[in-house]
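Fit chain B to the given chain A structure using the hints.
If you're matching them up, the sequences are chains A and B in order. The first sequence: position 77 = 74 (my numbering), numbered continuously. The second sequence: position 20 = 17 (my numbering), numbered continuously.
Hints listed in this document are in silico derivations from the structure and should not be mistaken for laboratory results. Computed from a predicted structure; not experimentally measured. If a hint is listed, it holds; no wrong ones were tucked in.
Intra- or inter-copy, both count: the list cannot distinguish identical chains.
Pairs of lysine to any residue, SDA-like flavour, derived with a Cα cap of 20 Å:
#: 1; residue 1: Lys0; residue 2: Asp165
#: 2; residue 1: Lys95; residue 2: Gly45
#: 3; residue 1: Lys95; residue 2: Thr42
#: 4; residue 1: Lys95; residue 2: Leu38
#: 5; residue 1: Lys95; residue 2: Phe47
#: 6; residue 1: Lys73; residue 2: Val46
#: 7; residue 1: Lys23; residue 2: Ala160
Number of protein chains: 2
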Amino acid sequence: MMKPRTPFVLWFTGLSGSGKSTLADKIAAYLSEKGFDFERLDGDTLRGVFPSTGFNRTERDEHIQRVGFMAGLLEKHGVIVLASFISPYRQARDFVRKRCRNFIEVYVKASLAACEARDVKGLYKKARAGQIREFTGIDDPYEEPNHPELVIDTDDESVEQSARRIIDAIQKFL
Amino acid sequence: MMKPRTPFVLWFTGLSGSGKSTLADKIAAYLSEKGFDFERLDGDTLRGVFPSTGFNRTERDEHIQRVGFMAGLLEKHGVIVLASFISPYRQARDFVRKRCRNFIEVYVKASLAACEARDVKGLYKKARAGQIREFTGIDDPYEEPNHPELVIDTDDESVEQSARRIIDAIQKFL
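This is chain A alone, in the form it adopts within the complex (with noise of 0.2 Å):
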């Protein structure tokens, strides 16, 4: 496994069915075919470990804040980390910018909408009929980045587009 010249964090953060999960898993297909050494770390993932995890602030904030922590620590250890996580509050993000050498926050950018209409888990549906709470997008915000180092247009741009604006915005550190 190869270590890159410069580890860092790719932290894909956006709305339920943005599109995280696939960008991530796109840029660990590149990873892997280059011989890098990466861990994927997700948030359903994660939840299936942790199960317990709860989706109001505190909760949500502390999940993230440990990921985050754990993120950092495998960046420290020269180990690039692709996370891909709702991570709707901006404080929880800027901890875990502040945990990481080279924290790239990935915005995720796809309107409430288009999310809505994939509705790939069938989330939204459940959200909408109060069958979950706590929400994202329905009633429980989404804090945008302020100063994402990418922006990414999940509704006008194709996920190969997309892919490819982060590998070239990655090279400078492979």
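Chain B in isolation, oriented as in the chain A frame:
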């Protein structure tokens, strides 16, 4: 930084004041001198980063499991992990064991009387006075490991003797 032949997680468990951190620091110094890439995770440090972590069973378990997950990831990427946590519950420690490939549970065994007599941080005094609740050994249980890879009896053994035994035990991985 050198990678070991086989990465591993050295997990120190035991009462507050049993000598976990002191021992882990000794091993850290040894690995550092030998040029190995390792990470030191410590209960006090982690609780400093995540001050809202409480002391009831649910919160302790969640905390230890999160740390254990992180230890497992670091190990996976070739980093030796030295973790010192009271980690009083068997179930949480077993969760960590399952997340790691080479988990070495070091039971730092010291009598409550000895730990209380040392009381380096003055915590036992506070716990006896009822100023701290849910204190392991006083009003919260410590579940001894059933099959620890190593037992270190710090009542009878010097720090140097204990460290020597641990260093001998990890040679096969280095």
